[in-house]
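Protein chains in written order, with our numbering: chain E, 3 to 309; chain X, 51 to 326.
I should point out that these hints are in silico values taken from the structure, not numbers from a laboratory. A few of these clues could be false.
Quick list of the computed label-pair ranges, beta carbon to beta carbon [to be verified]:
| # | chain 1 | residue 1 | chain 2 | residue 2 | range |
| --- | --- | --- | --- | --- | --- |
| 1 | X | 101 | E | 224 | 49 to 55 Å |
| 2 | E | 80 | X | 102 | 49 to 55 Å |
| 3 | E | 265 | X | 103 | 24 to 30 Å |
| 4 | E | 224 | X | 246 | 29 to 35 Å |
| 5 | X | 193 | E | 216 | 44 to 50 Å |
| 6 | E | 48 | X | 219 | 28 to 34 Å |
| 7 | E | 119 | X | 95 | 37 to 43 Å |
| 8 | X | 246 | E | 88 | 29 to 35 Å |
| 9 | E | 96 | X | 93 | 15 to 21 Å |
| 10 | X | 68 | E | 198 | 21 to 27 Å |
Just so you know, even glycine gets a beta-carbon here, dropped at the ideal spot from N, CA and C.
Listed here are the chains, written in short residue letters.
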Amino acid sequence: MPTVATTVSPPVPDAAPTASGRAGARRSRRGSPILAALPLLAFVAVFFGLPMLAVLIGAVTATEHATGTTTFTADNLTRSVQGAYLDALTSSIKLSLVTAALGVVLGTLLAQAVVASRLPGLRNLVVTASGVLANFGGVPLAFAFIATLGISGVMTELLHLTEAGWSLYTPAGLAVVYLYFLIPLMVLVIAPALDGLRPQWREAAANCGATGWQFWRLIGLPVLGPSLLGGFVLLFGTAFAAYATAAAMVGSVLPLVTLQIADALGGNVLIGQEGVASALALDMVVVAALVMAIYLPLQRRSARWLR
Amino acid sequence: MAALTRRTRAWHGLVLAVAGLYFAAPLVASFVFTVDVPHQGLTGQAYADILGAPGFTDGLGLSLLLAVATIVLVLALVVPAMVAVRLRPGRLGSVIEVLCTLPLVVPPIAFVAGIGSILRLGPDQLSDTPLYQTFLAVQDERFPVALVLSYTVLALPFVFRSLDSGLRAVDVPTLTEAARNCGASWWQVLVRVLLPNLRSSLAGAAFLTLALVLGEYTIARILTFETFPVWIVKISGSEARLSVAVSLLSLLITWLLLLALSSAGTRTTTASEDRP
Numbered sequence: 003m004p005t006v007a008t009t010v011s012p013p014v015p016d017a018a019p020t021a022s023g024r025a026g027a028r029r030s031r032r033g034s035p036i037l038a039a040l041p042l043l044a045f046v047a048v049f050f051g052l053p054m055l056a057v058l059i060g061a062v063t064a065t066e067h068a069t070g071t072t073t074f075t076a077d078n079l080t081r082s083v084q085g086a087y088l089d090a091l092t093s094s095i096k097l098s099l100v101t102a103a104l105g106v107v108l109g110t111l112l113a114q115a116v117v118a119s120r121l122p123g124l125r126n127l128v129v130t131a132s133g134v135l136a137n138f139g140g141v142p143l144a145f146a147f148i149a150t151l152g153i154s155g156v157m158t159e160l161l162h163l164t165e166a167g168w169s170l171y172t173p174a175g176l177a178v179v180y181l182y183f184l185i186p187l188m189v190l191v192i193a194p195a196l197d198g199l200r201p202q203w204r205e206a207a208a209n210c211g212a213t214g215w216q217f218w219r220l221i222g223l224p225v226l227g228p229s230l231l232g233g234f235v236l237l238f239g240t241a242f243a244a245y246a247t248a249a250a251m252v253g254s255v256l257p258l259v260t261l262q263i264a265d266a267l268g269g270n271v272l273i274g275q276e277g278v279a280s281a282l283a284l285d286m287v288v289v290a291a292l293v294m295a296i297y298l299p300l301q302r303r304s305a306r307w308l309r
Numbered sequence: 051m052a053a054l055t056r057r058t059r060a061w062h063g064l065v066l067a068v069a070g071l072y073f074a075a076p077l078v079a080s081f082v083f084t085v086d087v088p089h090q091g092l093t094g095q096a097y098a099d100i101l102g103a104p105g106f107t108d109g110l111g112l113s114l115l116l117a118v119a120t121i122v123l124v125l126a127l128v129v130p131a132m133v134a135v136r137l138r139p140g141r142l143g144s145v146i147e148v149l150c151t152l153p154l155v156v157p158p159i160a161f162v163a164g165i166g167s168i169l170r171l172g173p174d175q176l177s178d179t180p181l182y183q184t185f186l187a188v189q190d191e192r193f194p195v196a197l198v199l200s201y202t203v204l205a206l207p208f209v210f211r212s213l214d215s216g217l218r219a220v221d222v223p224t225l226t227e228a229a230r231n232c233g234a235s236w237w238q239v240l241v242r243v244l245l246p247n248l249r250s251s252l253a254g255a256a257f258l259t260l261a262l263v264l265g266e267y268t269i270a271r272i273l274t275f276e277t278f279p280v281w282i283v284k285i286s287g288s289e290a291r292l293s294v295a296v297s298l299l300s301l302l303i304t305w306l307l308l309l310a311l312s313s314a315g316t317r318t319t320t321a322s323e324d325r326p
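Please construct the entire structure, taking both the sequences and the accompanying hints into account.
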């Protein structure tokens with residue numbers, strides 16, 4: 003049986019620093035966390051908190067342009083969950099759920115293949131490429147896909163995809179494009195966690211007679227759980243928030259909530275459009291916050307495995 | 051056992067091949083699209099036009115400047131907070147985690163709706179106070195501080211995740227106590243003990259921030275600053291081939307920058323990797 007690497011021995015009371023040194027360390031330690039975190043807390047409060055407060059106020063108030071008076075109203079919020087705005091919201095959520103689920107599965111498969119292969123340069127290459135591709139979303143990605151799979155795209159013409167019923171300007175087409183940055187994002191999230199699966203665990207499981215499937219079901223996936231869940235939330239949020247790709251690709255052909263907000267922000271001509279933009283923004287925040295509310299307790303539960 | 055390994059290896063090979071095809075196809079096809087002009091044959095004209103295109107250097111320069119400023123600011127804010135929290139785990143740790151994850155909940159388009167409302171307060175309400183000058187200064191076209199501040203908020207979740215996974219692998223309290231027992235000051239502990247151990251996750255955080263800023267379109271467009279992506283869209287209306295060529299080139303530029311950064315980040319860590 004292979005010897006287990008010795009763990010760090012617990013601190014012996016006698017070996018502790020002298021009383022005065024201990025008290026000094028304790029004093030400076032007590033002050034330091036909040037002091038060191040203060041700039042971050044203040045920054046988030048001002049530069050994130052205030053804009054969010056402005057969205058909230060904008061969503062529940064209306065300003066009369068003639069008189070300049072501001073009153074509380076639920077009109078903006080009601081309008082934002084009716085008719086075309088509601089369609090946009092639901093199709094955004096559907097698209098994000100599907101692409102996030104696909105991204106988690108495909109990204110994990112890819113990361114596992116990369117981490118397991120013993121080629122020295124491959125891991126660095128893929129992680130670096132993922133860092134680029136995960137943020138290659140937006141404008142350049144839209145143009146690259148239009149040149150590839152658009153109506154007169156190179157692959158579309160080469161493989162006669164239009165005759166086969168393919169169109170880039172559908173939810174399925176958008177999903178293919180989104181996965182181009184969601185899969186690398188998942189690779190970035192999951193690769194460190196896969197590195198954390200020590201080979202010794204696998205060997206130990208194999209020594210006990212476990213099959214590969216048993217290893218993954220009983221050890222691998224529970225340990226990876228928090229990272230997988232975290233990855234899903236990250237991917238959902240990214241897909242849900244994606245604006246530039248969709249804007250450059252489909253214009254307003256597909257109803258998506260981000261496109262509706264940009265339209266409302268740009269349409270200063272119509273009275274009350276700013277309020278609707280704020281209300282739609284608030285809707286998006288509420289949806290994403292609901293996902294987080296589901297995710298956090300789950301994640302805390304699975305995080306126990308890593309202790 | 052050997053058969054199983056071979057099957058696993060074939061499976062991994064298949065996954066890698068399919069992924070390679072999927073990720074290479076748009077790049078190769080875009081390249082073909084830019085050089086293979088119907089009725090003209092092969093030409094590199096689209097690429098020759100890029101450098102001379104009006105606004106190219108300005109847009110790229112602005113985006114790079116914003117990226118550097120954002121990386122410095124976000125690391126200066128997050129690193130001390132996260133290290134301190136590791137030293138004394140408590141409620142503050144979860145507060146920071148939630149705060150750093152919150153920007154993920156808020157899509158950039160919703161965030162910019164709020165920023166827009168705040169910035170409009172300047173001319174609307176504060177025009178006769180000294181604060182008005184501040185509002186004008188943060189919207190300076192040559193160096194829009196408003197964008198640096200917004201991008202720092204957007205980068206928080208990515209930087210937090212990267213540093214958190216790095217800190218998970220490092221026993222901060224033990225390292226700190228060891229260094230303190232050896233007489234190191236707090237500054238020495240941070241700079242000479244903890245940061246070298248976090249080098250790869252710091253580099254990862256910087257990569258992500260750099261790529262995020264170079265590609266960010268939503269906020270810059272709505273606030274009407276002409277950063278690199280905004281410039282690409284601006285020219286796409288008239289020059290389809292040029293815009294695809296610049297898109298490809300922007301990937302290449304980002305790629306080269308990231309490669310340079312990642313080799314700088316990993317070169318010195320190889321010695322410390324043989325921990326038990």
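(request) Quick one: which hint numbers does this structure break? Sort them smallest to largest. (result) Going through the list in order, the structure violates hints 5, 8, 9 and respects the others.
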